[in-house]
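When we follow numbering that gives the first Met the number 0, the leftmost residue of the sequence shown carries the number 0, and every step to the right adds one.
Be aware that one or more of the hints could be misleading.
[Said to hold, decoys possible] Label pairs and their calculated CB-CB ranges:
hint, residue 1, residue 2, range
1, 183, 301, 52 to 62 Å
2, 185, 20, 29 to 39 Å
3, 260, 10, 49 to 59 Å
4, 239, 283, 19 to 29 Å
5, 283, 304, 49 to 59 Å
[Stated by the list, open to error] In the BS3-like style, the derived pairs of lysine-lysine whose C-alpha atoms are separated by at most 25 Å in a straight line are:
hint, residue 1, residue 2
6, 10, 328
7, 242, 185
8, 73, 83
9, 242, 344
10, 354, 344
11, 328, 90
12, 145, 10
13, 10, 22
14, 201, 232
15, 55, 290
16, 34, 55
Derived from the structure by calculation, the hints contain no laboratory data.
Ideal Cβ placement from N, Cα and C applies to all residues, glycine included.
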Amino acid sequence: MNQELADTFMKMVRVSSESGEEKEFILYLEDLFIKELRAECTIDPYGNLIAIIPAKNTFITESILFGVHADTVKPGKNIEPILKDGIIRPKGETILGADDKAGIAELFEAVRTAERHPPLEIVVSVGEEIGHIGSISLDAALLRSKIGFVIDTDNLDNIVVGGPSHMRLNVDIIGKAAHAGMEPEKGISSIKAAAYAISMLKEGWIDEETTVNIGIINGGQVLNAVPERTNVKIECRSQSHEKCLNQSNLIKEIFLTAAKAVGARAEVKMELGTTAFRVSEDTRSVRVAKKALSFIGLEPRILTPCGGSDATSYNEKGIETIVIGMGAKAVHTKEENIAVEDMQKVVAIIQHIFKELCETQ
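Go ahead and model the full structure; you've got the sequences and the hints to work with.
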C-alpha cells in the first residue's frame, strides 16, 4: 500500500471545502503545488487555481490539461478520515470528500513521481458541485492546451466522452392570500397551483437520454393563511440539446397553464447551464485513455451519462476533454469510501497517459 498517497489524500480531506467555501483549500493546494511540483500558480477572479508545470524529461512542448475540482457536497466540514484494511472512510456524520479530492491526490502523486511528463496545465475548479460555476467562468485565454482529462468519475474503467445539456427552471407562482379560517373562498392557493402542475409532469427518465427532477419546493408562510406564493425549482438534462429545450419549454407551459386554471399566475425563468457535447471515440484523448486503462488490465467502457462535469465547460472552450475515473464509491453519501489500491491504479493510469503523450504529438 502506498502510505504516502493515502496520507496526502487524508490531509486534503481534512481541509474543509464545501461549495462556495473553497478558498482555504485552494490556498493549501497552491502552496503544495509550488513547493512540490515547481508549479507556476494563478488564482483567477472566480477562485479557480491554474497550475502550470513544465515538462519533465521530454522535448514535447504541447501542454495537456488535467482538470479536478476543489469543492465537496455537504456535509463536508470537519471530515475525519479513517484508514482500515486499505479502505479510507469518514468517521462521524460527514461525507469523505473523495469526490474530487481523491482525483487531486492521485494527480498530485502521479506528477510528483513521474519519470517524465509533458507540459501540464492543472485546473482546480470551484463550484463544480453546484453547476460547474468555476469552469464555466474560467478564461480560456489562460490555457494553451488542446486536449484534456478530467479526473472525476467513480469507476476506474469508465471513459466519459459526453455530457448533457442542463436547464434549470425557477418557477414563481403567485396566488392570492386570505384568512384560511375566516374567508378561505377569497384566496387562491399557490401551493394548489404548484401541485396541479407537478401532478401533470413526468419525472425521472423521460426517454433513454433525458431526465427531469423537481428538486425544491417552498410555499406559504403561516398555517392559517391561503398561501400567496410558492417557488418550485426544477432541472432538465438531456444528451440531446434539442430534447432538453423542448422538454424545458413543455414544463414551462404546464406551470403557466396550471396556474391559470386555478386563477393564479406563474413566472418561469429558464437558465441553460451547459450544452450537450460528445467527443468522438477516434480522437486522441480517447485513444490515449483506452491504452492507459488497458495497460493496468481494465476493459474501457465508453459512456455518455446525464451527469455533468467540468469537461463540458472545457469542450465548450475548444479543449477536447474527456473524464476518467478516480475510484471512489458511494460518493455524495456518508458511506463514501475509497480503496488505496484503486488510488494507486489511477496514479498508474495517469502516468501511462503521460508516457503516451510524451511519445506522440
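Hint check:
At roughly 57 Å, the beta-carbon separation of residue 183 and residue 301 lies within the given 52 to 62 Å, and the hint holds. Hint check: residue 185 to residue 20, Cβ distance near 46 Å, so the stated range 29 to 39 Å is violated. At roughly 57 Å, the beta carbons of residue 260 and residue 10 sit within the given window of 49 to 59 Å. Residue 239 and residue 283 have their C-beta atoms about 26 Å apart, which keeps the hinted 19 to 29 Å range intact.
Between residue 283 and residue 304 the CB atoms are about 22 Å apart, so this pair departs from the stated range of 49 to 59 Å. Of the pairs offered as hints, the one joining residue 10 and residue 328 holds, with about 19 Å between alpha carbons and a cut-off of 25 Å not exceeded. For the suggested pair residue 242 and residue 185, the alpha carbons sit about 41 Å apart, so the restraint of at most 25 Å is broken. About 24 Å separates the Cα atoms of residue 73 and residue 83, which keeps this hinted pair within 25 Å; it holds.
Pair hint residue 242 plus residue 344 does not hold up; C-alpha atoms about 38 Å apart against a cutoff of 25 Å. Taking the CA atoms of residue 354 and residue 344, the gap is about 15 Å. The hint holds against a cut of 25 Å. Restraint check: the Cα-Cα separation between residue 328 and residue 90 comes to about 16 Å, which is no more than 25 Å; the hinted pair holds. For the hint linking residue 145 to residue 10, the alpha-carbon distance of about 32 Å lies beyond 25 Å, and the restraint is violated.
The hinted pair formed by residue 10 and residue 22 meets the criterion: a straight-line CA distance of about 16 Å does not exceed 25 Å. A threshold of 25 Å between alpha carbons decides the hint, and for residue 201 with residue 232 the separation of about 15 Å falls inside it, so the pair holds. Of the supplied pair hints, the one linking residue 55 and residue 290 holds, its CA atoms being roughly 21 Å apart against a limit of 25 Å. Between the alpha carbons of residue 34 and residue 55 the distance comes to roughly 16 Å, so the proposed pair stays at or under 25 Å and holds.
Checked against the numbered hints listed earlier, the structure breaks hints 2, 5, 7, 9, 12; every other hint is satisfied.
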